[in-house]
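Start from the sequences and build out the full structure, keeping to the hints where you can.
Using the numbering used here, read the sequence shown as starting at 2 and increasing by one per residue.
Hint data in this document are derived by calculation from the structure and do not stem from the laboratory. Please note: incorrect hints may appear among the correct ones.
Stated by the list, open to error - Below, a list of computed lysine to any residue pairs in the SDA-like style, where the Cα atoms sit at most 20 Å apart:
| # | residue 1 | residue 2 |
| --- | --- | --- |
| 1 | LYS172 | GLY150 |
| 2 | LYS44 | PRO120 |
| 3 | LYS288 | GLY343 |
| 4 | LYS147 | ARG335 |
| 5 | LYS290 | ARG229 |
| 6 | LYS290 | GLY345 |
| 7 | LYS172 | ASP184 |
| 8 | LYS290 | ASP256 |
| 9 | LYS147 | ALA163 |
| 10 | LYS160 | GLY343 |
| 11 | LYS310 | TYR300 |
| 12 | LYS148 | PRO120 |
| 13 | LYS166 | ASP339 |
| 14 | LYS290 | ILE162 |
| 15 | LYS147 | GLN180 |
| 16 | LYS166 | ARG347 |
| 17 | LYS314 | VAL165 |
| 18 | LYS290 | GLU154 |
| 19 | LYS188 | ARG229 |
| 20 | LYS314 | ASN303 |
| 21 | LYS333 | LEU280 |
| 22 | LYS354 | VAL370 |
| 23 | LYS288 | THR351 |
| 24 | LYS288 | GLY345 |
| 25 | LYS288 | ASP339 |
None of these values were measured; they are calculated from a predicted model.
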Amino acid sequence: MPAITRKRKHSGDGEEEEGAKVQRKEEVKEKEKKFYAVRKGFKAGVFESWKDCQEQTTGFKGALCRCCPFQGAGGGGGGGGERLGNLKGNAKKPLPHPKKTLPQKPRRKSLHKSFTNKPDAEAFVAGKNPAKTNAEPKFYGIAVGKKTGVYTEWADAQKQIAGVKAPKYKKFATREEAQAFVDSGGKVEKDGEKGEVKEKGAKRQKVEKEEEEEEEEEKEEVQADTVRVWTDGSSRGNGKLGAKAGVGVWFGEDDERNLSEPLTGLPQTNQRAELTAALRALEIVPKDKHIEIITDSNYTINCATVWYKSWVKNGWKTSTGKNVENKDLVVKIREILDEREGSGVRFKMTWVKGHEADKGNVAADRLAVAGALGVRQ
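Take a look at the structure:
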């Protein structure tokens, strides 16, 4: 029986094979490279290691970080990337590495996104919300707004409808459809006498679902970027000679933006203090940030959002022909709000019952009283 002979690999072949393995590992490593974008943290920026990202977010309240898979020269990336979501900074233990599976909450389309390149990560850090690179183009038709037309960016379209009463706008998959919507004044094109709307059936339902998801996502992103602030005014001896008023603005516990100060100027009334508190809040919050002011003053809310319209038309006269009180403060508030709304920034005023269970209102009242008494907080 002939002896079985075994072929031996030459040492040179082994070295080549080992070199190929190392090269493949390096290529895989390069493709798996990720960027970590920190919008809110001790230091905002784009980091190339999870450790650096963790140092900027651990212990920071409301930290916000996202993971961006690196796309190499071969165009890889698979359109995926891991989703980190919101990293809450109050954790006592180090956050797990993103490769580990995190407990999943009920799915909500909000801030959990992935990017495919560093520029998108940098845009995210700057406060923008870059669209997915593989997403189909969208066209927003503004039929009724400040400036009608077709827009390809939602942020640009939003500026044209902000502050407009009963605007008409709609998202389309093609520019032609969007332009037809604009030209028709916002009417939906119909077929036949029965008025059957085009794009019925499964395709239309899919489009509507995508629109609903996008709108929900936009709402949640606005909520996440909205600064909530409580304001209040106080006047000791309101309406009497020698009254002393104060202003209170509260953002949160131990927040350096919290404000307690005496009301300047005359008269030292509660209404002027309430209006001034709202004005100071608007001055403190950056103009590119969505803001919600929570107050127990219906007077302030009506002045800033309702009554001013008729006052402007009537030359700042009331319905009885009297001069509008506190006009100077209302004008300043509206100037700031008009500038914000013109830039697509959202503004909201919410009423709460005073001196009840609302923690923020109680805190703002305490600051306002201290301001009236001249007590440092």
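Which of the listed hints are broken here?
Hints 12, 19 are the ones this structure does not satisfy, whereas the remaining hints hold.
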